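Please put together the full structure from these sequences, using the hints given.
Residues per chain, in single letters:
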Amino acid sequence: MLRVEKLNKSYSDSMVLKDVCLEVKSGEMVSIIGPSGCWKSTLLRCLNGLESIDAGEIHFVGEVLRSPLEMGENSFGRMTQRWRGSIGMVFQSYNLFSHMNVIENLIAAPCLVQKISRDDAISMAEKLLDKVGLKSKAERYPHHLSGGEQQRAAIARALAMSPKLMLYDEPTSALDPTLVDEVLGVMKQLDSEGMTQIVVTHEMRFARDVADRVVYVENGSVVEMGPPSQIFSSPEFESTRNYLRHFL
Amino acid sequence: MKFNAVMKFARFKSSFYILFTSVVFSALAHGEALKTLRWGADIESGAPFAYKNPQNPNEIIGFEAEIVSALASEMGRKVDFVQNNWDGLIEGLKRKDYDIVVNGLEITPDRAEVVRFSQPYYITAEVITVKRSTYTVHTLKDLENRKVGTLGGALAERILLEQAFPMEIIRYSEEVNLYNDLAYGRLSAVFLDEPIALYYGAPHPELKNVGSPIGRMEYGIASRLDDKALAIEIDQALQSLKKNGKLNEILARWGLWNELTAAEWKQPVEPSTKPVMYEQYLKTAWPSTSIDKKLKRYLTFLPVLGKGALMTVSISLVSMALAVLGGLMLAAGRLYGPRPVAYLSLAAIELVRGTPLLIQLYLIFYGLPRLGINLDPFVAAVIGLGLNYAAYEAEVYRAGIQSVNKHQIDAARALGLSSRQVFRHVTLPQASRLVIPPMTNDFIALLKDSSLVSIITMVELTTTYSQLASTYFDYLGIGILVALIYFLLGLPFVGLAKYFEKRLNVSKP
Numbered sequence: 001m002l003r004v005e006k007l008n009k010s011y012s013d014s015m016v017l018k019d020v021c022l023e024v025k026s027g028e029m030v031s032i033i034g035p036s037g038c039w040k041s042t043l044l045r046c047l048n049g050l051e052s053i054d055a056g057e058i059h060f061v062g063e064v065l066r067s068p069l070e071m072g073e074n075s076f077g078r079m080t081q082r083w084r085g086s087i088g089m090v091f092q093s094y095n096l097f098s099h100m101n102v103i104e105n106l107i108a109a110p111c112l113v114q115k116i117s118r119d120d121a122i123s124m125a126e127k128l129l130d131k132v133g134l135k136s137k138a139e140r141y142p143h144h145l146s147g148g149e150q151q152r153a154a155i156a157r158a159l160a161m162s163p164k165l166m167l168y169d170e171p172t173s174a175l176d177p178t179l180v181d182e183v184l185g186v187m188k189q190l191d192s193e194g195m196t197q198i199v200v201t202h203e204m205r206f207a208r209d210v211a212d213r214v215v216y217v218e219n220g221s222v223v224e225m226g227p228p229s230q231i232f233s234s235p236e237f238e239s240t241r242n243y244l245r246h247f248l
Numbered sequence: 249m250k251f252n253a254v255m256k257f258a259r260f261k262s263s264f265y266i267l268f269t270s271v272v273f274s275a276l277a278h279g280e281a282l283k284t285l286r287w288g289a290d291i292e293s294g295a296p297f298a299y300k301n302p303q304n305p306n307e308i309i310g311f312e313a314e315i316v317s318a319l320a321s322e323m324g325r326k327v328d329f330v331q332n333n334w335d336g337l338i339e340g341l342k343r344k345d346y347d348i349v350v351n352g353l354e355i356t357p358d359r360a361e362v363v364r365f366s367q368p369y370y371i372t373a374e375v376i377t378v379k380r381s382t383y384t385v386h387t388l389k390d391l392e393n394r395k396v397g398t399l400g401g402a403l404a405e406r407i408l409l410e411q412a413f414p415m416e417i418i419r420y421s422e423e424v425n426l427y428n429d430l431a432y433g434r435l436s437a438v439f440l441d442e443p444i445a446l447y448y449g450a451p452h453p454e455l456k457n458v459g460s461p462i463g464r465m466e467y468g469i470a471s472r473l474d475d476k477a478l479a480i481e482i483d484q485a486l487q488s489l490k491k492n493g494k495l496n497e498i499l500a501r502w503g504l505w506n507e508l509t510a511a512e513w514k515q516p517v518e519p520s521t522k523p524v525m526y527e528q529y530l531k532t533a534w535p536s537t538s539i540d541k542k543l544k545r546y547l548t549f550l551p552v553l554g555k556g557a558l559m560t561v562s563i564s565l566v567s568m569a570l571a572v573l574g575g576l577m578l579a580a581g582r583l584y585g586p587r588p589v590a591y592l593s594l595a596a597i598e599l600v601r602g603t604p605l606l607i608q609l610y611l612i613f614y615g616l617p618r619l620g621i622n623l624d625p626f627v628a629a630v631i632g633l634g635l636n637y638a639a640y641e642a643e644v645y646r647a648g649i650q651s652v653n654k655h656q657i658d659a660a661r662a663l664g665l666s667s668r669q670v671f672r673h674v675t676l677p678q679a680s681r682l683v684i685p686p687m688t689n690d691f692i693a694l695l696k697d698s699s700l701v702s703i704i705t706m707v708e709l710t711t712t713y714s715q716l717a718s719t720y721f722d723y724l725g726i727g728i729l730v731a732l733i734y735f736l737l738g739l740p741f742v743g744l745a746k747y748f749e750k751r752l753n754v755s756k757p
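Heads up: the protein sequence lines correspond to chains G and E, in order. Here the first sequence stands for residues 1 to 248, where the numbers follow this note's numbering. Here the second sequence stands for residues 249 to 757, where the numbers follow this note's numbering.
If you're looking for bench data, these hints aren't it; they were derived computationally from the structure. Please read these numbers as outputs of a predicted model, since none were measured by experiment. Watch out, some of these pointers could steer you wrong.
If you want a taste of the chain G side facing chain E, the calculated C-beta under 8 angstroms gives, among others [to be verified]:
#1 F97
#2 S98
#3 A108
#4 V113
#5 K115
Calculated Cβ distances over 10 angstroms to all of chain G for the following chain E residues [said to hold, decoys possible]:
#6 F413
#7 L489
#8 V674
#9 V683
#10 I703
Glycine residues also receive a C-beta, built at the ideal position from the N, C-alpha and C atoms.
Below, the structure is given as structure tokens:
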């Protein structure tokens, strides 16, 4: 589904992502873990072109993305915009459009990008809201919702574009502990339905119990990856062990 | 013959012109299509020249109004009156806003270089006015080391400047203020044209005119240098008005007939008729102190003030529309334009913001004609105000756009929206609610700044105030009335802003 080869990215002088290689198969749930400031969020944002890359390749649905320098600023922009139409993304701070109510948040992109009729978009959006348990909150504005409700609405908004891949950037970090499970529950359900998902997270229990594979990132490099049983019980590297000691 | 100048306001395009219906009537009797005589004057310059009739603010009276009317009827034309600020009268003539200026314009060599003057229609001199309690001033020499007030740019000022002894000369632009300040003790003497002293100094209960008239000044009718045919026509008409005694009669009715004029025209020094207009002026114009009467008088001002307010609102609304549109373009140019466009927008914003609106208006209205661009006053006013505020709006919009939360834009991009869609559906709606309070501020400021366009002949609320206040010597009462009108005009905008803020503020960031 998605393959990253030798991805490099730097800000001015400092290199932040170094030769990152990663492969995600269809239907997989991959957790990216690592200490704060290890550039794992930046890695995630490179996957849908919200951040540009300096070298390397990203393969997705038969297309290859290279750095803007190699493929040209315009083609990079066009390709990543097209990709973003089929890669859903969920943010730490939910980022629902504050001037729209929930249902408008859900139908905006389908109507504008996929040119779906408003009526069709609304009936699809209502199904998705039902799925994430927000059927009764369709007319509410984001600031009238709890954090958990906002994040579930944000997941529904991403799903409204019928994505092939979902990216989550620390989706539960801003949530009250009592609200974390309702969001993770939705992600678990999507996993059981066969959705391909990449989750940057600090929820070690979730990574251990739900992810198919775990990727440990430190200082912009992939240190090791593997099934959770291996990473959590017998990590190969010292740094992985040190990091995981804080949680388990 | 009893002269009765009945005037009505007529509105063409954007300027107000005044038709002298009596003239129209006499000419229509002959069944001719009338040529017009477009007369420029500043009715704020007041009595006895040309001013609003205190009895009926819709009517313009004064000895010059009567002379122009008599001239027009002699020439078989009808009069169109065009209001202009006194300082801008000659510029307006050159701009062809009107064809003649008759407004206490003295014939001087430097003016004669830029306009053509007729033979004088009145000859007069300068007079010293002091407080009744001052007994030591009789001649110019007595003004040594004193504070002397006069109108800037007039012969009186030049005479004062020529004196060898020191004194402090204070220049004013409004006669009424001069004599009031003298009464308040801010000046120790006023040195000014005899007609002004007669109408503003002498009737004041605390002031008196002293000594004999000083110097000599001739009022002439100004026309454009290249308009020779009109100048000849005017001189002929003036000549016959002199001969048949009509000019003499008008001046006598206004109490202005004097030795200098009589000697020049070789006519008797005795006035040919009683100064009926002067007496009427003293009766009606000088303050009727009862509040009751004042309040009743304010009611009669309402139509004139309403007209002024309407003009203020029209100018403001059209300027605002231009400011919003221009502001959006400048902000977009600065934020999203390619480098040259961004720099150009920035330069335009800084240039317009960094120079006074007053100078911009003068440049647009009086400066551009030199380059062959002759704008209607309304258009010039709207362009001046609109562009000025466009520069301010541009910065308000830029601030609004830049303060939209980056995460909102991330979310929109992540959903596959194009940059244009992100701007249109996320940035713009979220920025609008941020910019409404500062925009409301700017629009109320614009409404008030529109008073500046009075300098380019627009008769709006402030011009009307100035005209009424100088006619009735009532800067306080009418001032409060006009301030109240401005306040009321601004209220709907405040309400509108509240409404939009509420509508757009359904959600907080």
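Evaluation of the provided hints:
1. At a threshold of 8 angstroms, the smallest CB-CB gap from G/F97 to chain E is about 6 angstroms, leaving the interface hint in force.
2. Given the 8 angstroms rule on beta carbons, the hint for G/S98 holds: about 5 angstroms separates it from the nearest Cβ of chain E.
3. Because the beta carbon of G/A108 sits about 6 angstroms from the nearest beta carbon in chain E, less than 8 angstroms, this interface hint is met.
4. Checking G/V113 against chain E: minimum C-beta separation of about 4 angstroms stays under 8 angstroms; hint holds.
5. For G/K115, the suggested interface contact is broken, since its CB lies about 12 angstroms from the closest CB of chain E, more than 8 angstroms.
6. Even its closest Cβ contact with chain G, about 74 angstroms, leaves E/F413 beyond 10 angstroms, as expected for a residue assigned away from the interface.
7. Its beta-carbon lying about 73 angstroms from the closest one in chain G, E/L489 satisfies the requirement of being farther than 10 angstroms from that chain.
8. With a least beta-carbon separation of about 6 angstroms from chain G, E/V674 fails to lie farther than 10 angstroms from that chain, contradicting its non-interface assignment.
9. At roughly 14 angstroms, the least C-beta separation between E/V683 and chain G is larger than 10 angstroms, which holds for a residue marked as non-interface.
10. Non-interface status of E/I703 relative to chain G is upheld: no Cβ of that chain comes within 10 angstroms, the nearest being about 43 angstroms off.
The earlier numbered hints that this structure contradicts are 5, 8.
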